[in-house]
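**Student:** Put chain B on the given structure of chain A with help from the hints.
Line order of the protein sequences matches chains A and B. Under UniProt numbering, the residue at position 28 of the first sequence is numbered 28, and the numbers go up by one with no gaps. Under UniProt numbering, the residue at position 44 of the second sequence is numbered 44, and the numbers go up by one with no gaps.
Don't take each hint at face value.
The list cannot tell twin chains apart, which means a pair is met if one copy fits it or any two copies do.
[What the hints assert, rightly or not] Pairs of lysine-lysine, DSS-like flavour, derived with a Cα cap of 27 Å:
{"#": "1", "residue 1": "113", "residue 2": "298"}
{"#": "2", "residue 1": "112", "residue 2": "298"}
{"#": "3", "residue 1": "34", "residue 2": "10"}
{"#": "4", "residue 1": "112", "residue 2": "5"}
{"#": "5", "residue 1": "34", "residue 2": "5"}
{"#": "6", "residue 1": "298", "residue 2": "287"}
{"#": "7", "residue 1": "219", "residue 2": "204"}
{"#": "8", "residue 1": "148", "residue 2": "103"}
{"#": "9", "residue 1": "315", "residue 2": "204"}
{"#": "10", "residue 1": "113", "residue 2": "148"}
Worth flagging that the hints you see were computed from the coordinates, not collected in a lab.
2 protein chains.
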Amino acid sequence: MTTIKDVAKKAGVSVATVSRFLNDSGYVSAEAAKAVTAAVEELKYELNPIARSLNTKKSNLIGLILPDITNPFFPELARAVEDVALTYGYTVVLCNSDENPEKEKNYIETLKKKYIAGFIVTSNQLDAPHYANANVPIVALDRAINEKIPTVSSNNKEGAIMGTNALLDRGCQNILFLRGPAELNPANDRWEGFMEAIQQSNAKYLVVTCPFHFTDSQKIVEQVLKENPQIDGIFASSDVSAAGALKAASLVGRHVPNELQIIGFDGVAMGEMLSPGLTTVAQDVYKMGAIATRVLIKRIENEMVEQNFYEVPVKLIIRGTTRSVGE
Amino acid sequence: MTTIKDVAKKAGVSVATVSRFLNDSGYVSAEAAKAVTAAVEELKYELNPIARSLNTKKSNLIGLILPDITNPFFPELARAVEDVALTYGYTVVLCNSDENPEKEKNYIETLKKKYIAGFIVTSNQLDAPHYANANVPIVALDRAINEKIPTVSSNNKEGAIMGTNALLDRGCQNILFLRGPAELNPANDRWEGFMEAIQQSNAKYLVVTCPFHFTDSQKIVEQVLKENPQIDGIFASSDVSAAGALKAASLVGRHVPNELQIIGFDGVAMGEMLSPGLTTVAQDVYKMGAIATRVLIKRIENEMVEQNFYEVPVKLIIRGTTRSVGE
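Chain A extracted, bound-state conformation (with noise of 0.2 Å):
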């Protein structure tokens, strides 16, 4: 094996100077670094993993930071970034951070310690200190915008327009729309897309904030369903709150979807197990999460970035939760 000693012997130098230079830590005089820089090629001198990021500063971790890999939406998200990072020759850190900005910024302060090449951040905080300071590449995944960050989300209010009009063209009169947590960018987009379309119908509707919780959203929907007997569809903003907002209709008493028809968002695995199957607006997390990694390693490896802002396309998944048109 080659060590730094025959590096050193070759380039016609001291072990101290060739340690100068790899781990860029003091003076090397151009005509040395020349001399060292070639033996190295020469030699096929290979630094480990762990001092070459000493020597560059970086190492091929990144780093991915959400809110809590529990929540059915991110394990895709997860999957997706290791995939992709795998192939580029990254490892991806775990980051569950709560939407906590403390934990975040001790996060970011900790990984950088150790070097990390970028990092990928589902976060509300993105408009932070820590953030802007970071100084290591950081792509921004289904949240927020922050117009130095590139950011990857689906095409919310595009969403929320097609999942309205299609309660609409079932016959839907009366429409309760699940509004999700007024901190997120993605659900602001959501209840965006829905006013527009529902204000170009005759329909009537009702607005109910609700956590995207499932035992919290169904608790809310049964109270709104005793109260306004007249509901004939529900949109909500997350498969989990859709979900809760089935068994609260099976609680009162509804049936589902010939009395009342109910649409969620995200496409998570667990609306096709539902009984009846969620009709669902579905994001591509997979694609999400795949293209937020390549953008990242891009940023890492000083390639190009063509854009800043990456949208991509829903599409509608029509299961039992809804009848068919004109039915």
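**Tutor:** Below, chain B without anything else, positioned relative to chain A:
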């Protein structure tokens, strides 16, 4: 900031000697080593974390190798591993293996070059040479027992006895057992538990092998229910298969729980969202992940590990797919 030069000056040795000592990369006299150690301590010279991992051949990275994060059993496990790792100052690298031995081997080798501190592995390949020869602390989770590798697992056999008895206590006389893949230890333990409990009863039973996959399970159960209308209870070896069974029951028009009772195994969050909610033998997945991580970190830090096998109790969660006892 203290530099390596300051350390060399203080110790009265050359920078190269300090570097050799800190990087363990060549001969250093006992006297020089003592002087350098004293100088490092006195000056509070801090190697940066990557340099330190080069020195100790350890980083604070833990590799988590699991089949697929999108299988609903694993996100909660990953979450527990990451939570516990974080409190000890470790970060978690996520590796989806797809149960592919080549992919696992590749992870082990790539990550070892980064001086990974240890691995938590959910695999059926634990006897494979890449684990036996990994020469790095490993803890096995959920699957397979190699006597050299500490293993954390649910009490699967006990859980299966519990689930079977729950169906018997609720009047089932013709029970279908959905056995998991034969190559999985936990699935075999569950099958053994079922056999033990059912053979102590007078009930009739049928065992069908069925992958832990929703659509496949649905198709298999639909067929079995058509051919065996007398079946009044299904015990599935996973919640995903149970969800498939529930869907199949609705497709063939068998009312759950009045005509057919169903119990799953796992306790994943999705079970609650089904209608009716899924009765299940729940594993304490978070606890399994937490124990595995603590045991691994003890091994990494050369602390005593008291035992080599940790069995985490399961519990029965009664929801809507079963009737009350004596009903």
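**Student:** A separate judgement is required for each hint: does it hold in the structure or not?
**Tutor:** Taking the hints in turn, this is what the structure says about them:
1. 113 x 298: Cα proximity of residue 113 and residue 298: in one copy and across copies (22 Å, 24 Å).
2. 112 x 298: Both ways: residue 112 and residue 298 sit 19 Å apart in one copy and 25 Å across, limit 27 Å.
3. 34 x 10: Classified as within; 12 Å inside a copy, 32 Å across copies.
4. 112 x 5: between (31 Å within a copy, 25 Å between copies)
5. 34 x 5: Both ways: residue 34 and residue 5 sit 17 Å apart in one copy and 24 Å across, limit 27 Å.
6. 298 x 287: within (16 Å within a copy, 39 Å between copies)
7. 219 x 204: within (22 Å within a copy, 41 Å between copies)
8. 148 x 103: This pair counts as within: shortest intra-copy Cα distance 22 Å, inter-copy 36 Å.
9. 315 x 204: within (25 Å within a copy, 46 Å between copies)
10. 113 x 148: within (23 Å within a copy, 34 Å between copies)
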